[in-house]
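Asker: For the record, the sequence lines run as chains U, A and F.
Residue 338 in the working numbering sits at position 102 of the first sequence, with consecutive numbering throughout.
Residue 656 in the working numbering sits at position 420 of the second sequence, with consecutive numbering throughout.
Residue 539 in the working numbering sits at position 303 of the third sequence, with consecutive numbering throughout.
Careful, some of the hints might be misleading.
Same chains, same label: a pair holds when it works inside one copy or across any pair of copies.
[Unchecked claim] Listed below are the simulated DSS-like cross-link pairs for lysine-lysine, each with C-alpha atoms no more than 25 Å apart in a straight line:
1. Lys312 - Lys514
2. Lys540 - Lys287
3. Lys441 - Lys540
4. Lys620 - Lys514
5. Lys569 - Lys620
6. Lys341 - Lys356
7. Lys268 - Lys287
8. Lys312 - Lys511
9. Lys540 - Lys267
10. Lys540 - Lys268
11. Lys356 - Lys540
12. Lys267 - Lys287
13. Lys540 - Lys341
Just so you know, the hints here were simulated from the structure itself, not pulled from any lab data.
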Amino acid sequence: MSRLHLGRAPLTYIICQIIVILFFGLFTEFKKGADPHGGPHAEEVGVELIKNHYACFQDVHIMIFVGFGFLMCFLKSHNWGSIGYNYLVACWAIQITILWSHFWKQVIAYYEDPSRSFEKLPLTIETILEAEFGAAAVLISMGAILGKCSLFQLFAMSNFNVFFYTLNRAIVFQIFKATDIGESMTIHTFGAYFGVISTWFYQPKQAIEDKHELGKSNYLSDLVSMTGTLFLFVYWPSFNGGAASGSKQMRAVINTYISLTASVIASIIVSRITKGRKLEMEIVLNASLAGGVAMGSNADIIAKSYGAMLAGFIVGCVSSFGFAIIGPYLTKKINLHDTCGVHNLHGMPGVIAGIISAIVISRGGENFGDNYALNFDGTRSPSKQAGFQLAALATSLGFGIFGGIVSGLLSGNHNPFFEPVPVDHFFDD
Amino acid sequence: MSRLHLGRAPLTYIICQIIVILFFGLFTEFKKGADPHGGPHAEEVGVELIKNHYACFQDVHIMIFVGFGFLMCFLKSHNWGSIGYNYLVACWAIQITILWSHFWKQVIAYYEDPSRSFEKLPLTIETILEAEFGAAAVLISMGAILGKCSLFQLFAMSNFNVFFYTLNRAIVFQIFKATDIGESMTIHTFGAYFGVISTWFYQPKQAIEDKHELGKSNYLSDLVSMTGTLFLFVYWPSFNGGAASGSKQMRAVINTYISLTASVIASIIVSRITKGRKLEMEIVLNASLAGGVAMGSNADIIAKSYGAMLAGFIVGCVSSFGFAIIGPYLTKKINLHDTCGVHNLHGMPGVIAGIISAIVISRGGENFGDNYALNFDGTRSPSKQAGFQLAALATSLGFGIFGGIVSGLLSGNHNPFFEPVPVDHFFDD
Amino acid sequence: MSRLHLGRAPLTYIICQIIVILFFGLFTEFKKGADPHGGPHAEEVGVELIKNHYACFQDVHIMIFVGFGFLMCFLKSHNWGSIGYNYLVACWAIQITILWSHFWKQVIAYYEDPSRSFEKLPLTIETILEAEFGAAAVLISMGAILGKCSLFQLFAMSNFNVFFYTLNRAIVFQIFKATDIGESMTIHTFGAYFGVISTWFYQPKQAIEDKHELGKSNYLSDLVSMTGTLFLFVYWPSFNGGAASGSKQMRAVINTYISLTASVIASIIVSRITKGRKLEMEIVLNASLAGGVAMGSNADIIAKSYGAMLAGFIVGCVSSFGFAIIGPYLTKKINLHDTCGVHNLHGMPGVIAGIISAIVISRGGENFGDNYALNFDGTRSPSKQAGFQLAALATSLGFGIFGGIVSGLLSGNHNPFFEPVPVDHFFDD
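Pulled out of the complex, with its shape left as it was, chain U reads as follows (with noise of 0.2 Å):
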């Protein structure tokens, strides 16, 4: 048996999930239909939220672990890295997720009421699908710098990630009262930004240089891609839908499978346009899923299917051209190495859905008619409600671009202490 590496980054790692489990056990308890001293009507509860909302939480499980986990997978030399620190990421955010998100909750109900007393975190199947859509905004910022950066700064990252993501989304729900079903703002334009900023502290440069031409895929490794492509595709109806029910739920569904199928036609349109006949291939494994980051904000609001589909069609053709002539454009003026083109699937696309949200709101009297305050915040008129999603937008990019820049000053490649990747082992194994 060699010697034992011990060192900071595993000593990190045993003291912070020893503190979490210790608060697991001081501030949470199972609830709502999970309670085990529940009566009878818990136990029904507990039967109706599984069928409410289990099918859709394992499929949201799945485009975490499996969807954004071999999407990643497209550098020839850094599958495992790709993959290996998607699972081990994802799984540290879920378990951080869920105790900030709980302690930001409480900060703004006091601050609301002080006189309310601290509620313990209630464990239920809601909570666990909150988990992963925390994952998700990491994840989507670990895409911006992948290849350039150790587990440990990842693992640093995922923690101002998953602290700013958790106190947005508190100030945009319980606050704004913004409506973001599939969170296209407070996910994917917040995790975009965050990742996007974040760049500029791990050495753009020579990344961009890539001496040793590995930041690029090969014929095997987008193939291997293709499989988180078609599950994130797939599966990304019950992530705008699942925490949902009733008819929001269903028109989630239908509108963001339906904006989905346009994206997916508008990729290939402009693969073929800008690049010939042959299947170009980041393109369509990327931009043809901008559609459902479109529906985000939109997918239980759209009233009209042909709103979603026309949608999921516009997106996917800014989305396409981001991969195709804006990316490289940005990458040449001013050194922004995006490795798996976030900025184009998640960013741009993130800030358009919260766009469409506040125009589709401000028509939402037509649209909803006597149901208006069934979908939307009854107190308030439509034009105010709409608002209200600008003001959410400009949060989701203002706390995204704030913590990329806290996350990259603190555990960026110039700071020895996260145990930066040698400039010549990017993208590596």
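Use these hints to put chains A and F onto chain U, whose structure you have.
Answerer: Chains A and F only, in chain U's frame:
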């Protein structure tokens, strides 16, 4: 930035997509549990529909994009052409199946009662499940010409395919009132013979010659293909049972499950008998699934499970001998170049399934007793219903063959409009 | 056409399959919601059973065929032998588990009340979920001898395995009335020790020597294997919770989910400590799943989630050290050649899980209060129930070891009947 490649293909795609968006805008509306103007009852309907069908819908969705996609990846140099085209063609087929399906339903309803006024296309979860079925028919036909055609040709083919598929389906279900829960006849038989007939329009002699020896699998491509086989195997019970509910659904699920285990065992036996100890990959990859096809018309109407097991075993043997002996024989004798062997997996088993369904139904009185009217059209005798099953099989075959000829004539390799693939690039990405 | 290869193996398969079809014909019937003669009540039961269990059943189904199948693909030249045999063996195990399971249930019921008449085997969704569990036990045992045995030997082994698995299960659940919701003891412990004991009958010295160096993974095979790991990770909550409902199911889901995230983190810590900065793939691929095994006996009875997290963390560490240190040590000392390391992933964690369940139950009174009788046999005291848990662990171990010896003696590599693999073809397709 390189110059833009505008041309016939992308312009056609753009125009078609815009037309579909317009048609969605003019003729569709959210209904039955997705209705934005529905009352509390609509909400309940939405909750129930999601609980009943959503998990199955997602399973079928995986089958179409991951199952079919990877199953077609067995060609060693055509993985992108297989899985990428599968992705794009399926999305297009979904969109137009929704529209054409409603069109033919309206035509037949009008023919039966001319005083009826036009109804808008209702978008519910059942609509999108039906759309997946349309994509399945297209992808089966695509399997026969895979590697010998361009994406633009596949786009053309999918339009002809969906046109005839939806027409045949409306006749089979609305006029014949046949029972075909998992659509052995309307999807598998139709799709397979559509594809097989088409192959003669895609230079079969040159494809058989296969000068560059690319029309084959290798170790890795067979493994990738296995991914597709396994997802199809696992989720097939959802394909056959997804549209049903209650005891019909549970029988459909269990019969399909049991039938598939028997066809897997049949495929290994025939592989062993014809090829010796080494697993013959092509047989196991494909013929093992024949038990699912066999249950397409029968899953819910077989009242005793040994019948499902026996049918799966027999069809598994037929399909395996198809791959081992019948297929190569037909290639030699009539120049049939069927890339994925859809005749063996979908064609013959589909026809057998239709015939079995007639036999099973002719004994429906004994098997279902008082519940006969619950499972079949109560106004018909079992033997009359059996006759309609055979009629359904005949029209499915007929539309398949006729549609395949039309599609081949208009978009085959002799027509330069749809960018045919030069023989030198057959089976190559 | 080449000549036909008839012989012992295919004839045995054919005869066995025909016998199973006969037994299905004679002894099974659709029941509980699948009954073709059921009234309106049966229809409702069918709808409810599908809603409650179908999604979980499908998740487990994926685990068996995709999860186990790909997990075993880590051998660089044995992918077909791994995933193909997994496919075939699992199908056979499913069929016979259904029959043997009912047989032993009837035997024990007769033993308890000899006046009872024979009941037909009821086919419902619960039957096929149980069948999957039988396949899991067989596949775990298969993991230990993978690459060193022929398909015919695996076929023989699966028959012995299912015989003992169903017998042990009947004793554990019907006589001991132990609680083992996800079957840590009856599947994982039983299957692992069955397999580990068998290995001595498959030329362990030659397997350890591994003359052609094929008993190893490479970069690509580890990536393929990761697919299996991820599907097992994601769907494990359905494995542990699939047979339950209400609050038991929700706790089972959440505890398994939380336990797994902790064992993933444990595996990365141990990998880091024992192997340094580069991810040690074997550890992450396997030990990260130990948290699921740990919850098999405990998922529903742990009333405080930190317990699940702590158990997952501890078992993850044990399993990881198993792969890093204990496994290699046993190989050296006692010639234990356990191809997939099932002792590390299923054996030790299974035993620990059983012991934990006894400890947890002994405190059941405090944790469940008035609901104790709802979650456990109300006629027994917690400490008595804890004793029965240990008895269940002991019989699972006992039947595993005894069954493994019987299976090894009768179908090991010294017996030419089952077509043993020559040492020169170990780990090679």
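Asker: Hints first: check each against the structure and report whether it holds.
Answerer: Right, here's what the structure says about each hint:
1. In this assembly of identical chains, Lys312 and Lys514 lie within 25 Å of each other by CA distance both inside one copy and across copies; the values are 20 Å within and 17 Å between.
2. Taking the closest pair of Cα atoms, Lys540 and Lys287 come within 25 Å of each other only across two copies (23 Å); inside a single copy the shortest separation is 28 Å, beyond that limit.
3. Neither within a single protomer nor between protomers do Lys441 and Lys540 lie at most 25 Å apart by alpha-carbon distance, with minima of 46 Å and 50 Å respectively.
4. For the identical chains of this complex, Lys620 and Lys514 are neighbours neither inside a copy (48 Å) nor across copies (53 Å), given an alpha-carbon limit of 25 Å.
5. For a Cα distance limit of 25 Å, the shortest separation of Lys569 from Lys620 qualifies neither inside one copy, at 39 Å, nor across copies, at 73 Å.
6. Taking the closest pair of Cα atoms, Lys341 and Lys356 come within 25 Å of each other only inside a single copy of the chain (11 Å); across copies the shortest separation is 44 Å, beyond that limit.
7. In this homomeric assembly, Lys268 and Lys287 come within 25 Å of each other (Cα to Cα) both inside a single copy, at 14 Å, and across copies, at 20 Å.
8. Taking CA atoms no more than 25 Å apart as the test, Lys312 paired with Lys511 passes in both settings, with 22 Å inside one copy and 24 Å between copies.
9. For the identical chains of this complex, Lys540 and Lys267 are inter-copy neighbours only, at 11 Å across copies versus 38 Å inside a copy, given an alpha-carbon limit of 25 Å.
10. In this homomeric assembly, Lys540 and Lys268 come within 25 Å of each other (Cα to Cα) only across copies, at 14 Å, whereas the closest approach inside a single copy is 35 Å.
11. Within a single copy, Lys356 and Lys540 get their C-alpha atoms only as close as 41 Å, which misses the 25 Å cut-off; across copies the closest is 12 Å, which meets it.
12. With identical chains, the CA atoms of Lys267 and Lys287 are at most 25 Å apart both within one copy (17 Å) and between copies (22 Å).
13. In this homomeric assembly, Lys540 and Lys341 come within 25 Å of each other (Cα to Cα) only across copies, at 22 Å, whereas the closest approach inside a single copy is 34 Å.
Violation of the numbered hints given earlier is confined to hints 3, 4 and 5; the remaining hints are satisfied by the structure.
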